[in-house]
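What follows is each chain in one-letter form.
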Amino acid sequence: MLLAYDIEGKVRLEPPFPEPVKITVSKEQQGDCGSVKSSPLLQISPEGYVANAVVKLEGDFPDTAPPVQNQSFVLDQTHCEFVPHVLLIPRGAPLSILNSEPFLHNVRAFDEKANMLFNQAMPIQGSLLKKTFEKGGRITLRCGVHHWMYALVIVQDHPYYALTDESGFFKLQNVPDGNHTLIVWHEALGEIRQSVNPQNAKVSVQYSAAK
Amino acid sequence: MLLMLSLLLTGPQITTGSVLPASFLPPRMISITARIDFGPAHKPAKVQKVTVPEGASPKEALKKIFPVEQGSTCCHPEEVKGIDGISVDPLKNRWWRLMINGSGKNASPHKSHLKAGDLMEWVYIEDAQ
Numbered sequence: 001m002l003l004a005y006d007i008e009g010k011v012r013l014e015p016p017f018p019e020p021v022k023i024t025v026s027k028e029q030q031g032d033c034g035s036v037k038s039s040p041l042l043q044i045s046p047e048g049y050v051a052n053a054v055v056k057l058e059g060d061f062p063d064t065a066p067p068v069q070n071q072s073f074v075l076d077q078t079h080c081e082f083v084p085h086v087l088l089i090p091r092g093a094p095l096s097i098l099n100s101e102p103f104l105h106n107v108r109a110f111d112e113k114a115n116m117l118f119n120q121a122m123p124i125q126g127s128l129l130k131k132t133f134e135k136g137g138r139i140t141l142r143c144g145v146h147h148w149m150y151a152l153v154i155v156q157d158h159p160y161y162a163l164t165d166e167s168g169f170f171k172l173q174n175v176p177d178g179n180h181t182l183i184v185w186h187e188a189l190g191e192i193r194q195s196v197n198p199q200n201a202k203v204s205v206q207y208s209a210a211k
Numbered sequence: 001m002l003l004m005l006s007l008l009l010t011g012p013q014i015t016t017g018s019v020l021p022a023s024f025l026p027p028r029m030i031s032i033t034a035r036i037d038f039g040p041a042h043k044p045a046k047v048q049k050v051t052v053p054e055g056a057s058p059k060e061a062l063k064k065i066f067p068v069e070q071g072s073t074c075c076h077p078e079e080v081k082g083i084d085g086i087s088v089d090p091l092k093n094r095w096w097r098l099m100i101n102g103s104g105k106n107a108s109p110h111k112s113h114l115k116a117g118d119l120m121e122w123v124y125i126e127d128a129q
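Line order of the protein sequences matches chains U and Z.
If you read the first sequence in the numbering used here, its first letter stands for residue 1, the second for the next number, and so on.
If you read the second sequence in the numbering used here, its first letter stands for residue 1, the second for the next number, and so on.
Chain U extracted, bound-state conformation (with noise of 0.2 Å):
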């Protein structure tokens, strides 16, 4: 019989934390999507835990099965933004692009050589793009009407990744036995490489003060 065992903690970055980033969006789309919005890139809750890091472990595993028949993997554009963020989906799972808005969005994909892998005007409120993408990578979407608008879709090629929270915890589930690396990357703050054991399933990830 395998031993498998649950790998959980928190991502935390060190004080002093970097003012939020506020983006003042041009006149001609204020009626639209409102003066300033927020940015996505760096969310950290005031005790300094980071939300949306990507927590993966390095190896070879087997192949991420495919998703059962009710997951659904959904990248709304609402108020100017794709929610969520950053989503974790399964290689070769459908990935539905949603359009909310009674306006134009123009959604760009690109993987991470910045190649271009589509590119599709969606002009009504409610028009749905289906996706999948059969290699595990980190996929770029940007809208080409506003321009800070982007999310990040983390395709997993195996099992052991998971999406921090706004507490910064994570959780990877049924994890073989043995070493094994674990990797924290996020978009922002880079990547931190950590020996991990199962056995001991509490892990810690902290980043040093942002630049």
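Mixed in with the good hints, there may be bad ones.
[To be verified] For the chain U half of the interface with chain Z, some residues (derived, Cβ under 7 Å), not all of them:
id: 1; residue: F110
id: 2; residue: W148
id: 3; residue: Y207
[To be verified] Sample of chain Z residues facing chain U (criterion: CB under 7 Å; computed from the structure):
id: 4; residue: S87
id: 5; residue: L91
id: 6; residue: Q129
[Stated by the list, open to error] In silico negatives: residues of chain Z with every beta carbon more than 10 Å from chain U:
id: 7; residue: K46
id: 8; residue: T51
id: 9; residue: S57
id: 10; residue: D89
id: 11; residue: N93
id: 12; residue: L98
id: 13; residue: G102
id: 14; residue: A128
In case anyone wonders, no lab produced these hints; they're calculated from the structure.
Note that the coordinates shown come from a computational prediction; the quantities given were computed from them, not determined experimentally.
Glycine is no exception: its CB is placed at the ideal position from the N, C-alpha and C atoms.
Guided by the hints, dock chain Z onto chain U, whose structure is given.
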């Protein structure tokens, strides 16, 4: 028979004098000023005069100064994706912007035609996000 009749009626098609159609003439060479600003990539900007055939595209002129990486960043597979190793970065919202004589309006890397004295600027920008 028909061919012979046709030749007799129209005469031989020989152009007299030394004027050749414009397409046979070598293109007129023009001088433009190029400015490449690497912005957040922290490489020194470059300003130099470039001699190109009249009507050359901004991308053709750029290739005389730096290696250019082509690819689609928006709308066409022959857009400028990188200049001298500095590529667009969708994650950081960094892009190459072209301006001709101070304006980006209607400036196209491969469709615009340069004229003598033009200022062609390529600026690596980082939009807020």
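Q.
Does D89 (chain Z) clear chain U by more than 10 Å, comparing its Cβ with all Cβ atoms of that chain?
A. Contrary to the label, D89 (chain Z) does not stay out of reach of chain U, its closest Cβ about 6 Å off (not over 10 Å).
Q.
So, as I understand it, the hint says Q129 (chain Z) touches chain U; can you test that by seeing if any CB pair is closer than 7 Å?
A. Result: holds, 5 Å to nearest chain U Cβ.
Q.
Restraint: F110 (chain U) near chain Z, CB-CB cut 7 Å. Satisfied or not?
A. holds, 4 Å
**Q.** Evaluation of the interface hint that places S87 (chain Z) against chain U, nearest CB under 7 Å
**A.** holds, 6 Å
Q. Minimum Cβ separation between S57 (chain Z) and chain U greater than 10 Å?
A. Fine: 21 Å to the nearest Cβ keeps S57 (chain Z) off the interface.
Q.
If we take the beta carbon of T51 (chain Z), is the closest beta carbon in chain U still more than 10 Å away?
A. Nearest chain U Cβ is 32 Å from T51 (chain Z), so the label holds.
Q) Minimum Cβ separation between K46 (chain Z) and chain U greater than 10 Å? A) About 22 Å separates K46 (chain Z) from the closest Cβ of chain U, which puts it past 10 Å; holds.
Q. Close enough to count: is the Cβ of W148 (chain U) nearer than 7 Å to one in chain Z?
A. holds, 5 Å
Q) Beyond 10 Å from chain U, beta-carbon-wise, is A128 (chain Z)? A) For A128 (chain Z), whose nearest Cβ neighbour in chain U is about 5 Å away, the distance does not exceed 10 Å, so it is violated.
Q. Does Y207 (chain U) meet its interface restraint, that is, does its C-beta lie within less than 7 Å of any C-beta in chain Z?
A. violated, 18 Å
Q) With d taken as the least Cβ-Cβ distance between G102 (chain Z) and chain U, does d exceed 10 Å? A) holds, 19 Å
Q) Can we keep the L91 (chain Z) interface hint, with Cβ of chain U closer than 7 Å? A) holds, 5 Å
This entry does not satisfy hints 3, 10, 11, 14, going by the numbered hints stated previously.
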